[in-house]
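Following the hints, put chain B in place on chain A, whose structure we already have.
Here the protein sequences come in this chain order: A and B.
The first sequence: position 93 = 93 (my numbering), numbered continuously.
Heads up, my numbering is the position in the second sequence plus 1000, with the first residue counted as 1.
Hints in this document: simulated from the structure, not taken from any laboratory.
Worth double-checking, as some hints may not be accurate.
Computed list of lysine-lysine pairs in DSSO-like fashion (alpha-carbon distance at most 30 Å, straight line) [unchecked claim]: (1) LYS1106(B) / LYS1058(B); (2) LYS1069(B) / LYS1058(B); (3) LYS64(A) / LYS41(A); (4) LYS55(A) / LYS1106(B); (5) LYS55(A) / LYS14(A); (6) LYS1069(B) / LYS55(A); (7) LYS1106(B) / LYS20(A); (8) LYS1068(B) / LYS1106(B); (9) LYS14(A) / LYS41(A); (10) LYS1069(B) / LYS1106(B); (11) LYS1068(B) / LYS41(A); (12) LYS1058(B) / LYS1068(B); (13) LYS1106(B) / LYS64(A); (14) LYS64(A) / LYS14(A); (15) LYS1049(B) / LYS1069(B); (16) LYS41(A) / LYS1106(B); (17) LYS66(A) / LYS20(A); (18) LYS14(A) / LYS66(A); (19) LYS66(A) / LYS41(A); (20) LYS41(A) / LYS20(A); (21) LYS66(A) / LYS1068(B); (22) LYS66(A) / LYS1106(B); (23) LYS1068(B) / LYS1049(B); (24) LYS1049(B) / LYS1106(B).
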Amino acid sequence: GAVVSQHPSWVICKSGTSVKIECRSLDFQATTMFWYRQFPKQSLMLMATSNEGSKATYEQGVEKDKFLINHASLTLSTLTVTSAHPEDSSFYICSARAGGHYGYTFGSGTRLTVV
Amino acid sequence: AQSVTQLGSHVSVSEGALVLLRCNYSSSVPPYLFWYVQYPNQGLQLLLKYTTGATLVKGINGFEAEFKKSETSFHLTKPSAHMSDAAEYFCAVQYGGSGYALNFGKGTSLLVTP
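Bound conformation, chain A alone (with noise of 0.2 Å):
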């Protein structure tokens, strides 16, 4: 089955750091990248969409120059969150559409910490 591969896990940084996630869909080509912000025991937030070779599609309220994302290729999307503050600390969650409107894989997140 479709496989979707997000890296780091877990990561810790300090404060005014950058930290990039990357998601890769192992076997497939994924059209749509979609990236999620998990908050503890809440449901999955939209940040953006992002397709191939487009500029990332930003949800309102959504800092575009804080989450950079790029999805320069058909099998990888990054997220990168600059200048992190502990704010920004959380649960990241990427998922990947491969076409047509039913198949959607999810990465297995990664657990940001900013101290």
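Positioned in the frame of chain A, the structure of chain B alone reads:
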């Protein structure tokens, strides 16, 4: 915009008992509906989905859900709970905006007691 509401943030059942997790949707067009399970610090695993056709959908691990248009519901059931079913469950609806992203409910935490 399409959205889902999950009734009950926490559900507790005894092992072997029926599991019923409720989900109601709000959609102006026929929705595509999904149920996912999440274990701590992990991503989401698809249990089942409804797109078109048969309204009773069978998924993995003995779960099933029935799409009821008249009730705008898509409740998840399992006849007999197992300890390993304890997890967070999310109902989701696909919506046309944002590249057909999924819009998730708030989630229901299922506790299974011996």
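Structure-based check of each hint:
Note on LYS1106(B) and LYS1058(B): the hinted pairing holds, with a Cα-Cα distance of about 23 Å set against a maximum of 30 Å. Between LYS1069(B) and LYS1058(B), the direct Cα distance comes to roughly 17 Å. Compliance with the 30 Å bound is thereby established for this hinted pair. Restraint check: the Cα-Cα separation between LYS64(A) and LYS41(A) comes to about 25 Å, which is no more than 30 Å; the hinted pair holds. For the given pair, LYS55(A) sits about 29 Å from LYS1106(B) by alpha-carbon distance, which is consistent with the 30 Å threshold.
In summary, the hint linking LYS55(A) to LYS14(A) is supported, as the alpha carbons are separated by about 28 Å, within the 30 Å threshold. Of the supplied pair hints, the one linking LYS1069(B) and LYS55(A) is violated, its CA atoms being roughly 37 Å apart against a limit of 30 Å. Simply put, LYS1106(B) and LYS20(A) have alpha-carbon atoms about 27 Å apart, close enough for the 30 Å limit, and the pair holds. A C-alpha spacing of about 20 Å is found between LYS1068(B) and LYS1106(B), which places the hinted pair at or below 30 Å, so the restraint holds.
For the proposed pair LYS14(A) and LYS41(A), the alpha carbon gap of about 24 Å is at most 30 Å, so the pair holds. For the proposed pair LYS1069(B) and LYS1106(B), the alpha carbon gap of about 21 Å is at most 30 Å, so the pair holds. For the given pair, LYS1068(B) sits about 28 Å from LYS41(A) by alpha-carbon distance, which is consistent with the 30 Å threshold. Our distance criterion of 30 Å between C-alpha atoms is met by LYS1058(B) and LYS1068(B), whose separation comes to about 15 Å.
With a C-alpha separation of about 25 Å, the suggested pairing of LYS1106(B) with LYS64(A) holds against the 30 Å cut-off. Taking the CA atoms of LYS64(A) and LYS14(A), the gap is about 21 Å. The hint holds against a cut of 30 Å. Restraint check for LYS1049(B) and LYS1069(B): satisfied, since their Cα atoms lie roughly 15 Å apart, inside the 30 Å limit. For the hint linking LYS41(A) to LYS1106(B), the alpha-carbon distance of about 9 Å falls within 30 Å, and the restraint holds.
About 12 Å separates the Cα atoms of LYS66(A) and LYS20(A), which keeps this hinted pair within 30 Å; it holds. For a cut-off of 30 Å, the pair hint linking LYS14(A) to LYS66(A) stands: about 15 Å separates their Cα positions. Taking the CA atoms of LYS66(A) and LYS41(A), the gap is near 24 Å; set against the 30 Å cutoff, the hint holds. Straight-line distance between C-alpha atoms of LYS41(A) and LYS20(A) comes to about 24 Å, which keeps the hinted pair within the 30 Å bound.
A distance of roughly 42 Å separates the Cα atoms of LYS66(A) and LYS1068(B); the hinted pair therefore is violated under the 30 Å criterion. The hinted pair formed by LYS66(A) and LYS1106(B) meets the criterion: a straight-line CA distance of about 25 Å does not exceed 30 Å. Taking the CA atoms of LYS1068(B) and LYS1049(B), the gap is near 14 Å; set against the 30 Å cutoff, the hint holds. At roughly 18 Å between alpha-carbon atoms, LYS1049(B) and LYS1106(B) fall within 30 Å of each other, so this suggested pair holds.
Hints 6 and 21 from the earlier list are contradicted by this structure; the remaining hints agree with it.
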